[in-house]
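Residue numbers (numbering that gives the first Met the number 0), protein chains in the order written: chain C, 0 to 242; chain X, 0 to 242; chain W, 0 to 242; chain V, 0 to 242.
I should point out that these hints are in silico values taken from the structure, not numbers from a laboratory.
Built from N, CA and C at the ideal position, the CB exists for glycine as well.
Incorrect hints may have been included.
To be clear about the criterion: a stretch of chain X counts as covered by chain C if any three or more of its residues have a C-beta under 8 Å from a C-beta of chain C, and this derived list gives those stretches [as the list claims (entries may be wrong)]:
hint, segment
1, 23 to 35
2, 91 to 97
3, 228 to 234
There are 4 protein chains.
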Amino acid sequence: MILILNVNAISVKNTLKPKLPKPIIIVNFKNYLEATGQKAVELAQKAEKANKETGVCIAVAPQFSDIVRVAESVEIPVFAQHIDPVMPGAFTGHVLAESVKDAGAYGTLINHSERQLKLADIDATIRRANGKDLISCVCTSNPQLSAAVAYLNPDIISIEPPELIGTGIAVSKAQPETVTNTIKLVRKVNDEAIILCGAGISHGEDVSVALKLGTQGVLVASGIVKAKDPYIILRDFADSTRK
Amino acid sequence: MILILNVNAISVKNTLKPKLPKPIIIVNFKNYLEATGQKAVELAQKAEKANKETGVCIAVAPQFSDIVRVAESVEIPVFAQHIDPVMPGAFTGHVLAESVKDAGAYGTLINHSERQLKLADIDATIRRANGKDLISCVCTSNPQLSAAVAYLNPDIISIEPPELIGTGIAVSKAQPETVTNTIKLVRKVNDEAIILCGAGISHGEDVSVALKLGTQGVLVASGIVKAKDPYIILRDFADSTRK
Amino acid sequence: MILILNVNAISVKNTLKPKLPKPIIIVNFKNYLEATGQKAVELAQKAEKANKETGVCIAVAPQFSDIVRVAESVEIPVFAQHIDPVMPGAFTGHVLAESVKDAGAYGTLINHSERQLKLADIDATIRRANGKDLISCVCTSNPQLSAAVAYLNPDIISIEPPELIGTGIAVSKAQPETVTNTIKLVRKVNDEAIILCGAGISHGEDVSVALKLGTQGVLVASGIVKAKDPYIILRDFADSTRK
Amino acid sequence: MILILNVNAISVKNTLKPKLPKPIIIVNFKNYLEATGQKAVELAQKAEKANKETGVCIAVAPQFSDIVRVAESVEIPVFAQHIDPVMPGAFTGHVLAESVKDAGAYGTLINHSERQLKLADIDATIRRANGKDLISCVCTSNPQLSAAVAYLNPDIISIEPPELIGTGIAVSKAQPETVTNTIKLVRKVNDEAIILCGAGISHGEDVSVALKLGTQGVLVASGIVKAKDPYIILRDFADSTRK
């Protein structure tokens, strides 16, 4: 937790991109009402509580309009859910790297399966994130695509088979070979990127299995956001990173 | 200005969609750095100053991440630049009506020429705005499209020939017949929608001509955002609505 | 059928857009294997047989690569399933009006629910079709959108509620008010456009009900393409236009 | 040229994907009127003439509607300009692998800079091409993206910096390091893919330089299609592959 504090401090003051702590749990708030507006702030505070109690890095990815309020309320890293590969200018309705950075974002998801980008735009978006010292987390749907993306040097690659997203059937347990193949292929060309897995992660055991397979964390959404008591699950996830 | 206050009060408290004052000047901040973050707040404050001094309704459309800060800082109406036609749920990276409403938005631009939508999505997005009592301002590029959109019952229709956007050549002076044809065609099927024009509006005279042609206001961007002294231009625009 | 012959003759020789006979049945081949390549030709020949026997206009909409072979094999009107709003030039992988016209197309579907377009692109695509004397058939999903499109002056408007497409539950029987509202709204602004309905049309009775509701024909796909004996259904549809 | 004949024979009869001869010149007809309809056939015949005289493999990529006529008229390989990552079914207006294969295509361009795809769709489209024994030629805009694509195992990778397309300034001469870096990065992960370069190729020397840099051919469009005498340029290009 001290670590995270320092990370944020560096991020804001020096605008140098900080090194991410591992393991990391990123909670994607999607467009869920349970994580919109004041509820986004409250969910982020629960994540921060679990972070402070365990020291495990938990990041949150609220909607664009909620970034400011969440970033002002917690010290854990805040991610945008998407940015566009545009420079400042006449791009009405687009999401500018400068804007989410200024709002307090520490990084951004890119190419989530619900917000996919053209190949050249993934490259351009990673560059835009780099240019504003935003941590880039690119989502992919299979090992080959993960390796392809590894060549574009994002900070984080998250493998998420779309068919498992929102199902409660964890990728780490249902498709362990998808995870291990991703790690194997990515590591051939990229030693540094953090590798996460996501889709269906809903129990602490899903998290510990993911780490045992060789990932450095998980990307999770409904498993937390839709939980009856998100704090309990967050705490369970954080604790499970040590099992 | 009292009017605007009341408008906002109704909007927030009753979640009933308020009647818009006329004329109205909407300032689209696009993704300009001159209107990002703290600068978005400052520009909105200049717009509010011109509004308070003249009583003319001036609305601002900042980037998604800036809506909260702008809406907390001023009493004039705040528009989102875009919302997506999605319901709450698993829509990572999309812009939810509920989210921008909660952040303080009073309305939203829809189908700006830099963020165009499929026809059925314009319809669905207007419905989503209506469902959350957000004023819908649909942008179109020619009179026929304006009439087409008029059938979908948005609150505001703004005609903006894309070839003039950002040129400083005002639609109201360079293509008056585009404006008058829009009004004629729209009024055949829709008595209520406010009709604005935009593209190239940079002088007070462009505004007064627009109103004389029969519009109820203007949608403007670079003419204000890129101005050396935006307040002076805003004040000039507001004053020109009475000429 | 003589009528159709003349129609095609005019279309090809004079490049004047011909008047469409009514009623009209358009068979959309989609990307079904049952209507690809040689099977597209054979299905079109069955449609032509039913046309010759009954005099009822039956048009077919094969895939782009099949237009030439189908148009060379039959005298009934051939539609493209889509064209892009581009002019001749550097538009790799797009579908040019000139190209499908040259291949023998008589018209084109536009904005099918499986290939939706931005609003401004629907307008531009209708203009491109007009410029090359191609009959434009714009698909819409509800009465308001149909009225909106009516302002853009397509030759044909086809109302197809997406939730019924491919279900075998006919729009004409399950949602008659969708059809009659479409006609009512469209006719307020457009006297000339042919109005079709589609989605779930699978029995002759669905066709006769559609005509009784006030349409001038139907747009059909799986009901014919996936039928055990498409000729029998086509003949039944054609006969039903007189009941 | 005998080689090409055999290649086509294998392609059509066995539906086994043939080995491509090297070097290869692919002529993209785009949506140019100079290469539409009968003119597409004539241009393909000029390419075939240059092929027969020199033995150098020249392939042509006409518009979808022209594939049948071109493939029936020449023995050189014919490419589609794009296919969609869809299976046979309800995909109105899409381009099905089965359809272009049946029309006589030997391969397809994928992700041309004028028809870019989402990352996951590039992968799915290559698989669709493989499934129908179509040669896949994926276009990319920089060396990193080429390496990323190399992981997806297309048959051909063509590097084309978009800023040079249509300029007459050849990539091979203006940006030789773009070409050599592409080769270096691709070969780290993929020994088999043919590597082409494109953009601005307009003189025989541009071709010979491209080969000397280590490519196995070029992808060319306006340099041939817009030439006063395309045959002369085609012949010059073919001859230049031996210099």
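For each hint, the structure was consulted:
{"no.": "1", "hint": "23 to 35", "in the structure": "holds (count 6)"}
{"no.": "2", "hint": "91 to 97", "in the structure": "holds (count 6)"}
{"no.": "3", "hint": "228 to 234", "in the structure": "violated (count 0)"}
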